[in-house]
Amino acid sequence: MTFLKIRDIVHHYGKSRGAALDGVGLDIGENEFFTLLGPSGCGKTTLLRILAGFELPVQGEIALEGDPLLRVPPWERPVNTVFQNYALFPHLSILRNVTFGLKMRGVPKSERHARAREALQLVRLTDYLDRRPAELSGGQQQRVALARALACKPKLLLLDEPLSALDYKLRKEMQGELKRLQVETATTFVFVTHDQEEALAMSDRIAVMNGGRIEQIGTPTEIYNRPCTRFVAGFIGESNIFEAVPDAQDMLRLADGTQLGISNAQVCQVVIRPEAISIDPQGAMQGRIDELVFTGAATRLSIDLEGGLGRAFVNAPGALASTLAQDQIVRLAIDPRQVAVITP
Amino acid sequence: MSRSAYNPANRLRRYVQTLPAVLVIALLMGLPMVMMGFVSIVERAPDGGVHWGEFTLRAYSNFLFEESLMGGVELNTDYVTIYIRSFVLSGLTVVGTLLIAFPAALFIALQPQERRNFYIFLISIPFWVNLLVRNYAWILLLRTNGLIDQALIGSGIISEPLDLLYTDIAVAIGLIYSFLPLMVMPLYAALEKFDFSLVEAAFDLGANRIKTLFYVIIPGVRPGIVAGSILVFIPGLGAYVTPALLGGSKSMMIGNLIENQFGAARDWPFGAALSFVLLIVVALAASARILFGGKEKHL
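If you read the sequences in order, they're chains A and B.
Once you know that position 195 of the first sequence is 195 in full-length UniProt numbering, the rest is easy, because the numbers rise by one and skip nothing.
Once you know that position 186 of the second sequence is 186 in full-length UniProt numbering, the rest is easy, because the numbers rise by one and skip nothing.
Since the hints were derived computationally from the structure, they do not count as laboratory data.
From a predicted model like this one, the values you see are computed outputs, not experimental measurements.
Treat the hints with care, since some could be wrong.
Cross-link-like lysine-lysine pairs, in silico, DSS-like; alpha carbons within 30 Å at most [unchecked claim]:
no., chain 1, residue 1, chain 2, residue 2
1, A, K103, A, K179
2, B, K211, A, K155
3, A, K103, B, K193
4, A, K153, B, K211
5, A, K155, A, K5
All chains should be modelled from the sequences, with the hints used to inform the complete structure.
Structure follows, in C-alpha cells:
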C-alpha cells in the first residue's frame, strides 16, 4: 500500500484565475524525504496547503495509509506543518508553543512537558524555554517551529520553504539538521522549496512542478542527470540545450555533425550540462571564448560554437582557466554518458 | 542624536514644548475637578449654588446615612443601590457589546482591504444621529404594544405585551445599542493587526474552531478587548440620556442621580460628592488592575 497517494488534484482560486493545480498525481513512500520543487506560482504551496487541510481541491483524491484525507478537517489530520513565517504564537512561551499541539489533542500535562522537552532536544534547543518567540533569533524560531510540529509525532510533516528566511550559512546548516531529523524521527517529510540546491541536497525524491503540473518525479541524480523536459533541464542547474538529428544509423548528431553516441530515431533536443563539456584539443566541436566568469571553484566559460550551434556554457577548472583568454578558439569534447534526451 | 536628547538645554526645551498640552489639561480638566471637589465640601444654598466658606462633610455622609424623623441617623441604601445598579448595567453592557461586537469586528477584519472601510463607515453611522433621537426610537420599539410587542404577538410567540420599557432590561438594551461602536472600533483595530496565519497554525496543531478562538485569537487581541471594555464601561457608568428615557424612575443610574441634585433637588454639594464617590471607586478599580494585573504580562 502506498503511504500517501495523491490523485488527479485540480484546484483554482476563484473561477477567473487559472488553475493553481491542474491534475497533479503522485505517490510518496513512508519515511521518504520528498520535495516539491518549482518556481513561485507553480502550485507547490497550494498542494502543501491541500495536504495540511487549509484548501479543499475542486477535484481529486488523497489517501494517507489508505484512508481518504480530503474530508478530514486540518485539526484531525495526523499531519503537521512548519510554516514559512514559522507562525509561532506570540503570546505563549517557547515551551507552551511546543506543548500547544499536545494540549489540543488532550495529552496529560506531565507527558506534555516530557514530550515537548524531547522535541526541543531533537532540534537542539534547550535554553530560553520561558521566553517569547519575539525574543529569539530567526534560526531559533525555526527550531521552535520544527519542535512544535515534531512534538505531535505526525505521520506526515509538511515544510513550506522553512529555510527561506535564514541567511546562507544558517540555511546550509539547517539543511543537514532537517535531513538528520527526518532520519532520526523516521517521519515522512514533504518539503516545498524553489531552491534547487536545497532540493538536491536533502531529498530522497523530487517532484519538479511548473504551471500547476508535475514535470518530472525522480531522485536528485535522476532529475539532474536525466531531465525529461526542457523546463526541468532549465530550472535545475545550468544546461546547454541543442537540437539533435538522427543520422542514417539512427544515431544522434548535433547540427555541426558531432556524434553524441545515443541512438534515437527522431529529431529531438538534448541537454548537456556544463560539466559534461570539456576543453580538449582532440574534441569534435570548436568555438570561440566569448566570456570568462570566475565563480570560485571553477571558471564559467561562455563559448560561441561554430556550425550553427549557438552558445554553450562550459565549466573550466581553475588551473586550466588561467591559460585561457577571451576570443581564443578552443576545441570541445562531450561526455556522451552525460547527455540527456528531452521531450521538446 | 541620542546624546542630544539628554542634553539639559534640550530637556528644558521639551518641558516648554509640552506646556500648551499641560495648560489645556490643567485648565479644562484639573480646574473644574478642583472646583467640584470644593463644592462637595461646603454647605448648600437653598436656592441652588453653595455658601462658599461654610465647610461640611454632610454631602458625603448623605450618601450612606439620612436623618430619621426621630432625629437620629439611619443607614440609607437608596444611593448605594443606584450605584450598584449602574455598575451591573455597565457590566452587562460590556458583556453585551463584546458578544455582538466581536463577531462583527472579526467579520470586518476578514473582508478584503477595500471593503473594510465601507463596513467601518456603516458601524459609525449611528454616531451621526443625535443620541436622544436614537433613544426615542428605542422607546417606539420597546413600549407596551410597541413594535417589538406587536411583532412577537403577531407571530404568536407571546400573547401578552412584554412591558419592556422603563425596566432595567430596556436600559441595558439601550446602553448596548448606544455603546456598540465604541466596542467594535478597538476590537477591529486589534483584529486587523492580528496575524491570521496563527489560526492555520492552531488548526494544524489540532485545535478546532472553538479552541482556536479561545486559545489563539482572543489572547491575541486581548489589548483590544480591554480597551473596548474600558471605553464602554466607564461612560456606561455615567450614562444619562439612555436611563433617563428608557429607564424611568425605577431604573435610575448614577448620571441621573447627579443631574437630579444639580437640577431639581438644588443640592450642588451632594451632586458633587456623588461624582467624587464614583471617581474614587473607578480610580481604585483602575489602580487595582495596574497593581494586580501587571503580573500576567510576564506569564
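Quick rundown of the hints versus the structure:
| no. | hint | verdict |
| --- | --- | --- |
| 1 | A:K103 with A:K179 | holds, 28 Å |
| 2 | B:K211 with A:K155 | holds, 23 Å |
| 3 | A:K103 with B:K193 | holds, 26 Å |
| 4 | A:K153 with B:K211 | holds, 20 Å |
| 5 | A:K155 with A:K5 | holds, 14 Å |
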